[in-house]
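**Q** Work the whole structure out from these sequences, hints included.
Same order as they appear, the protein sequences are chains A and B.
Counted from 1, the first sequence has number 446 at position 354 by my numbering; the numbering is strictly sequential.
Counted from 1, the second sequence has number 30 at position 29 by my numbering; the numbering is strictly sequential.
Just so you know, the hints here were simulated from the structure itself, not pulled from any lab data.
Straight-line Cα separation of at most 30 Å, DSSO-like style, residue types lysine-lysine; simulated pairs: (1) A:K433 / B:K273; (2) B:K281 / A:K281; (3) B:K325 / B:K307; (4) B:K190 / B:K308; (5) A:K256 / A:K158; (6) A:K356 / B:K334; (7) B:K294 / A:K363; (8) A:K308 / B:K266; (9) B:K308 / A:K308; (10) B:K344 / A:K230; (11) A:K180 / B:K273.
To spell it out: a stretch of chain B is covered by chain A in this simulated footprint if at least three of its residues, at any positions, have a beta carbon under 8 Å from a beta carbon of chain A; those stretches are: (12) 277 to 287; (13) 297 to 306; (14) 325 to 336.
A few chain B residues that don't get close to chain A, going by computed Cβ distances all over 10 Å: (15) D183; (16) W192; (17) K193; (18) N205; (19) G210; (20) I230; (21) S319; (22) S359.
For glycine and all other residues, C-beta sits at the position ideal for the given N, C-alpha and C.
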Amino acid sequence: MENKWNMGLEPMLEEMAQMQEKMIKGAEVLMNINFEGSDQTEKSLVYQEDKMRLYHYKATVKKPCKIPALIVYALVNRHYMMDIDQEKSFIKKLLDSGLDLYLIDWGYPTAEDRYLTLEDYINGYIDNAIDYIRKEHKLEKVNLIGVCQGGTFSTIYAALHPDKIKNLVTMVTPVDFGVEDGLLIKWSKAMNVDNIVDTYGVVPGSFMNYGFLLLKPYGLMIDKYIGVIDKLDDPDSMANFLRMEKWIFDSPAQAGEAFRRFLKECYQENKLIKGELIIGNSKVNLKNITMPLLNMLALYDHLVPPSATRPLNDAVGSEDKELMEYPVGHIGMYVSSRAQKEVAPKLSSWLQERSK
Amino acid sequence: MATDYLNQFFNAQKNMFEAWQNTFTAKTGTAKAEDKAGPDFMDFSSFQENAMKNFKNITDFYSNVFNDFTGSPAEILQKMNQSMEMYNNVYKVWENLNPKTFVPNTENIQKILEEWSSQYWKFIEANYIAHLPDPMQKAYKQFSEMTESYQNMMSNFFTPWTGNTDQLNELAFKMTYMANFDSFIAIVKLWKENYDKSYKKILNMPSIGINRELFERQYDAIDKTITFITTYIEFFGQVFKVSQETMQKVITDYAEMMKSGNQPKTMEEFHKYWAKEIDKSFDKVYLTDDFSKLMSTVVDSTMELKKESDKLMEEYLSILPLPKKSDMDSLYKTIYNLKNEVKVLKKELERLNERSVSVQPEAK
Numbered sequence: 093m094e095n096k097w098n099m100g101l102e103p104m105l106e107e108m109a110q111m112q113e114k115m116i117k118g119a120e121v122l123m124n125i126n127f128e129g130s131d132q133t134e135k136s137l138v139y140q141e142d143k144m145r146l147y148h149y150k151a152t153v154k155k156p157c158k159i160p161a162l163i164v165y166a167l168v169n170r171h172y173m174m175d176i177d178q179e180k181s182f183i184k185k186l187l188d189s190g191l192d193l194y195l196i197d198w199g200y201p202t203a204e205d206r207y208l209t210l211e212d213y214i215n216g217y218i219d220n221a222i223d224y225i226r227k228e229h230k231l232e233k234v235n236l237i238g239v240c241q242g243g244t245f246s247t248i249y250a251a252l253h254p255d256k257i258k259n260l261v262t263m264v265t266p267v268d269f270g271v272e273d274g275l276l277i278k279w280s281k282a283m284n285v286d287n288i289v290d291t292y293g294v295v296p297g298s299f300m301n302y303g304f305l306l307l308k309p310y311g312l313m314i315d316k317y318i319g320v321i322d323k324l325d326d327p328d329s330m331a332n333f334l335r336m337e338k339w340i341f342d343s344p345a346q347a348g349e350a351f352r353r354f355l356k357e358c359y360q361e362n363k364l365i366k367g368e369l370i371i372g373n374s375k376v377n378l379k380n381i382t383m384p385l386l387n388m389l390a391l392y393d394h395l396v397p398p399s400a401t402r403p404l405n406d407a408v409g410s411e412d413k414e415l416m417e418y419p420v421g422h423i424g425m426y427v428s429s430r431a432q433k434e435v436a437p438k439l440s441s442w443l444q445e446r447s448k
Numbered sequence: 002m003a004t005d006y007l008n009q010f011f012n013a014q015k016n017m018f019e020a021w022q023n024t025f026t027a028k029t030g031t032a033k034a035e036d037k038a039g040p041d042f043m044d045f046s047s048f049q050e051n052a053m054k055n056f057k058n059i060t061d062f063y064s065n066v067f068n069d070f071t072g073s074p075a076e077i078l079q080k081m082n083q084s085m086e087m088y089n090n091v092y093k094v095w096e097n098l099n100p101k102t103f104v105p106n107t108e109n110i111q112k113i114l115e116e117w118s119s120q121y122w123k124f125i126e127a128n129y130i131a132h133l134p135d136p137m138q139k140a141y142k143q144f145s146e147m148t149e150s151y152q153n154m155m156s157n158f159f160t161p162w163t164g165n166t167d168q169l170n171e172l173a174f175k176m177t178y179m180a181n182f183d184s185f186i187a188i189v190k191l192w193k194e195n196y197d198k199s200y201k202k203i204l205n206m207p208s209i210g211i212n213r214e215l216f217e218r219q220y221d222a223i224d225k226t227i228t229f230i231t232t233y234i235e236f237f238g239q240v241f242k243v244s245q246e247t248m249q250k251v252i253t254d255y256a257e258m259m260k261s262g263n264q265p266k267t268m269e270e271f272h273k274y275w276a277k278e279i280d281k282s283f284d285k286v287y288l289t290d291d292f293s294k295l296m297s298t299v300v301d302s303t304m305e306l307k308k309e310s311d312k313l314m315e316e317y318l319s320i321l322p323l324p325k326k327s328d329m330d331s332l333y334k335t336i337y338n339l340k341n342e343v344k345v346l347k348k349e350l351e352r353l354n355e356r357s358v359s360v361q362p363e364a365k
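**A** Shown next, in the form of structure tokens:
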């Protein structure tokens, strides 16, 4: 007997039986699973201001790089994606390769943070963190690594305070929002941001999550969970899956005023690349970025399209600048095997060569 | 007063009908000249023979008809004209119904009814009201204007719904029996348009009285809820439409692939193929300007609903000894400003301390 779609009935029955077996074993796995392990690389709290915390990672080599680097993560989601578990930790890889790392943890904004502005983040928290590191290491300049939106903030910071930055690394960082090939950028352009911020004050993380899920509704809401059935009877694979799952929905709220300006002036008006963005009393001129620049992008990035990242290299005033493109996705830049084998080693060696 | 009026009215009616009856008594055949009780002003030959006599007949006729009526001659002439107009209206109806020109189908009957209806009140005024005493005419006029306003209002209110009933029915049929998502989306859009032109206006009417603000807020919340629901339905309709169309495409393509034997062989392969197709379809729709606008509208309507619900909730809770979100926002602003001041002062102090340390003279 053959079904009308010409898919033999026998293989179908076999698949169904296998699936059932996995489901039964999976239930047992899930009852006993331990998926701790994210954000476990050793670090100490060295500075804090409001909800922002500055951590210093414990060096894993005897003589780490002389110039420490500050990692500035995005306000969206949490930094521990770079330290998702010890086997795949991007941060651990950087430490093991000799970098001295600091990281800003933005925390979880609450209602009282609705009035925080881009100035507070860039000229306040980031600047204070940089000053702390400079003072602690008795250095004029430190290295800055910006990730995604944190990369945009780092770029702005480096343009405003070039005297404090030795080398700038930007990863999956949007700078040119005038492109048409990124859904997030396209949708953001049409949004009534004022209405969102005026309504919420502090924009909830769940609101952001719905937006991200809608970017790939089938893949992120259905297919992903169908795929997990294959891993159900494997505790390690399931633990990896659950760690990522936890991270994906661990979305901090967004401080309203900063969110309003970032979306309006960057996403909608594309002021940064045009040289029209004003932070504090200063216009952000990307040509002020004269320090070495390493710009790293993910070719399959569905959140920050490569076209929004590439223009940075032409916009800055640096002579020593490099653009690296990897065939990975936005998150794959940190958690994929390529991240361990290619991205982290490149970043580390590039910085160390310029930190002597 | 009422009895006087009724007497006047019935007398006027009686006289009028008698006068008309006499006027149109047959002028030919067996009827004798002496049988003519009324004026014969329509008999033009005798009119020519004796103009003065006919003029008297006419005035007698008017006198008979309106002998209980206290109006000026000008008014009377006006009423005569109105009467003729009424007659003409009836004639028009008859003419329209005349077998030589009239085809008795639904459309033609509807047309005549509409024409008749449009002339109806004028007809009543000409035929009936003109003969009422002044006070009653004034009362009628007020009533008439009120009725007309009411009719217009109701007509304006229901026109959006009655105007596209056929269209709605057709779309509903396609949606139900042909599983057509375009029809579903179109129904929602049309329904919303109708709502905006009718019920929304009622909800947006200004309220009065001590609870004015609360009433307006409640109505506004209802309106925002309806807008939110319809926008969401449209949005998800679009999303489901993509899924449905993709599945149709996949089935068609699969049938084609089967001919050459290239079709996915297992369920897993088929699922992968389908998932890839559906992702492609979503990307295609998502990147359109229309979808971005729809997305923005969905978010906007969600925000509007939340804002109104929050305000309403604050209104309800205002009698309780609880701080409202708006109160807290004001407090947060104060705290934010104070924090910033403290930060600036702290930095200034640190700077001064550093300076004082650097300029301090060496200890003896």
